[in-house]
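Participant: Sequence:
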Amino acid sequence: MTVWRRLIGYRPGRLGQNTLLGTAGLGTRAVIQAAYLLIVSRWLGAEGYGLFAGSVALVILGAPLANWGSGLLLTRYIAQDRGSSRAMWATALVQTGVIGGLLVIIVLVISAFLLQQGLSLTPMLFLGLSELLLLPAAHAATSQCYALERGITSAVVMCLVPLGRTLAMLGFIAIGIAGTPDHAAAAHFIGSLFGFVAVIAVVAAVDGLPAWRSRLPLRDAFRQGSAYAVSNAAGNSYQEVDKIMMLQTLGAAIVGPYTVAFRVTSIFLMPVTALIGASLPRLMARAKSSDERTRTYRAMLLSGVGYGVLACAGILIAAPWVSRVFGSDYALATHYFALLALWPALFALRHCLATYLTANHKQAARSCIEIMGLGIVVLLNVLLLPRMGAEAAVLTLLVTEVLMAVVMALLIKQGRRAGNHQVQ
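Just so we're aligned: the sequence shown equals residues 1 to 424 in the working numbering.
In short, the hints are calculated from the structure, not lab data.
Be aware that a few hints might be false.
Unchecked claim - In silico SDA-like links for lysine to any residue, alpha-carbon gap of 20 Å or less: (1) 413 - 342; (2) 362 - 411; (3) 362 - 294; (4) 362 - 406; (5) 362 - 292; (6) 413 - 402.
Claimed, not checked - Cβ-Cβ distance ranges computed for the label pairs, FRET-style: (7) 212 - 327: 44 to 50 Å; (8) 218 - 27: 16 to 22 Å; (9) 317 - 386: 30 to 36 Å; (10) 399 - 248: 20 to 26 Å; (11) 376 - 218: 30 to 36 Å; (12) 309 - 209: 41 to 47 Å; (13) 413 - 27: 33 to 39 Å; (14) 121 - 379: 26 to 32 Å; (15) 219 - 386: 26 to 32 Å; (16) 47 - 217: 26 to 32 Å; (17) 376 - 226: 18 to 24 Å; (18) 176 - 382: 41 to 47 Å; (19) 375 - 205: 41 to 47 Å; (20) 294 - 176: 57 to 63 Å.
All of these numbers come straight from a predicted model, not from anything done at the bench.
Just so you know, even glycine gets a beta-carbon here, dropped at the ideal spot from N, CA and C.
Please take these sequences and the hints and turn them into a complete structure.
Facilitator: Structure (structure tokens):
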């Protein structure tokens, strides 16, 4: 018996295989996104990329709401009945089309009337369609493949939209189009569209076309997905709101290097995301015993946090190379990247605890905690950005991760105590 099995009494099996396949897919996507980041940042320059990145961040704030929790809804339904996959895929597409379309309109109104710095309406429309319709639907397809335990397919699906975007950017550069944020937004949309068409084709090949007539009524899907949507919005928006605030407070020249550092750090988070994606269907499955779910959770927690610690060391080793790779315009990115080194470990801990809450029907509590985290991020950035600059965004991010993890751990501990008392 290995040390691993003695420690947690668990054989990774299919979960481990799907995690490895998911990690391979996310690793491939990380390479693609790194190439995209390098291409667009060099094409636009630090200030142009800062304006583009700040505008993308505004759109991304609404992205977790765009499919209104249909990714997790897919996972829950398919984990309990695999025959519902095509109906839930249709549900996800309709839900994303309705909610995402409304969010595109809201983003355009905010961009036109509330922001002092940002892109014009046409490029913002391109970004809105890309991030609020096409990408969320592709994410739902990935969730469906994970729930069906189709690890290879999920690995392929998650790469298609980023690949389309990267190829479109290269195409624009190859035909000599000038590097402006407006042109980057157009390439971003064209690549997203081609990637999404490829996603539809792959899912149809492995699981069939959406079962439109069997989908959930929109009202039911909206109601059931609400808790997941709110949690996703709060849990992801706290990572993007600082860039919007920086763009308005510090200017595009600061946002550019900081966003490069942030995006490169985000690549180190992808194995954690793969682990969560592979583990959640197991944690949600009704047929699994409580002991088996506990072992799955322990495997997820130990693997996630252990990887996060290794990622911290990797970031510190890689930090000096950031400005060399991205160019002299991004010299400050090296500094911000090193400051973000602790983030993968804290992110892994918080995300594993949050997943445990979701799997144990504590989604409302998770949503409240993550809304609290978003509020802390906004408040601290308002207070500290004018005084500390971009370093304030890093400090705020790390402090918020710690606070949310502590509150989640206390809630889990309290729930276990209550369960033990009931047993007695």
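Participant: Look at each hint and say if it fits the structure.
Facilitator: Here is how each hint holds up against the structure:
1. 413 - 342: With Cα atoms ~25 Å apart, residue 413 and residue 342 exceed 20 Å; violated.
2. 362 - 411: holds (10 Å)
3. 362 - 294: Given that 20 Å is the threshold and the Cα spacing comes to 16 Å, the pair holds.
4. 362 - 406: holds (16 Å)
5. 362 - 292: Holds - the C-alpha atoms of residue 292 and residue 362 are around 19 Å apart, at most 20 Å.
6. 413 - 402: holds (16 Å)
7. 212 - 327: 44 to 50 Å: With a Cβ separation near 49 Å, residue 212 and residue 327 satisfy 44 to 50 Å, so the hint holds.
8. 218 - 27: 16 to 22 Å: Violated, since residue 218 and residue 27 (Cβ atoms, about 36 Å apart) do not stay within the stated range.
9. 317 - 386: 30 to 36 Å: holds (33 Å)
10. 399 - 248: 20 to 26 Å: holds (22 Å)
11. 376 - 218: 30 to 36 Å: holds (34 Å)
12. 309 - 209: 41 to 47 Å: 44 Å Cβ-Cβ, so the 41 to 47 Å window holds.
13. 413 - 27: 33 to 39 Å: Taking Cβ atoms as reference, residue 413 and residue 27 lie about 34 Å apart, which means the hint holds.
14. 121 - 379: 26 to 32 Å: Distance hint for residue 121, residue 379 holds at roughly 30 Å.
15. 219 - 386: 26 to 32 Å: violated (45 Å)
16. 47 - 217: 26 to 32 Å: violated (48 Å)
17. 376 - 226: 18 to 24 Å: Given range 18 to 24 Å: holds, Cβ gap about 23 Å.
18. 176 - 382: 41 to 47 Å: holds (43 Å)
19. 375 - 205: 41 to 47 Å: Given about 44 Å between the Cβ atoms, the range holds.
20. 294 - 176: 57 to 63 Å: holds (59 Å)
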